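Peer 1: Sequence:
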Amino acid sequence: VGVDSEPTPENKHVAMLVDGHYFISADNGVISLIISEIKPEKVVEINIPNPVHGSFPVLDVFVQVACHLARGGSLDVIGKPSAILKELVEFKPRVLNEGKTIVGSVIYIDNFGNVITNIEKHLFEAYRNGRNFELSARNKILTEIYHTYSDIINFDLDKSQRKGPGDLLALFNSAGFIELAIYKSDSQTVGSAATLLGLEYRDTITINFI
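In the numbering used here, the protein residues as written are 717 to 926.
Source of the hints: derived by calculation from the structure; they are not laboratory data. Owing to the predicted nature of the structure, the values given are computational and were not obtained by experimental measurement. Be aware that a few hints might be false.
As the list claims (entries may be wrong) - For lysine-lysine, the following DSBU-like pairs were computed, each having C-alpha atoms within a straight-line distance of at most 30 angstroms:
| hint | residue 1 | residue 2 |
| --- | --- | --- |
| 1 | 728 | 802 |
| 2 | 758 | 837 |
| 3 | 728 | 837 |
| 4 | 755 | 796 |
| 5 | 758 | 796 |
| 6 | 802 | 755 |
| 7 | 875 | 900 |
| 8 | 900 | 856 |
| 9 | 837 | 856 |
| 10 | 837 | 816 |
| 11 | 875 | 856 |
When you get a sec, could you build the whole thing from the sequences and use the hints?
Peer 2: Below is the structure:
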């Protein structure tokens, strides 16, 4: 999970085994939202020899750990046991209006200005029940949620009619949360989702099923 992953004394890297799956993340509380209902079987604080201290820990550290685990390696080799994980307990989406509305919050804005919310895919699907919806973020309304950034492009259309760079989209990110982004955004021209929408940490995102 590459959200807020730059290492600091208060933002250590951890790896864990949860329900038969491995997760690699910074211990910043975000992982507590993913595993809130399942207790990890094992957690270690990552401590690999000769680490590369770069600006992109997902590549510098997380990929090394993921490759080790994919080869059948043990968590004990890449870190020391850690019993306590930070928790973000205040950010829980609210389901209102007899299941017709989900009110969520912005929990993180990354370095690219992408807006990560606390609304998870499984919660969205549980209340959608096949209905159409409107996702409201400030003055913008979105009616589709994609699974990748490039899903916004309809390759059956002529290039002149397609959505593309600079267009706003919502998608389920790799951690399963709804994220708002600008496809191939350029902060010098079109800006980011955060600047376009004027969203900040803890601002409200609303989904209405119709």
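Peer 1: So which of the earlier hints does this model not fit?
Peer 2: none
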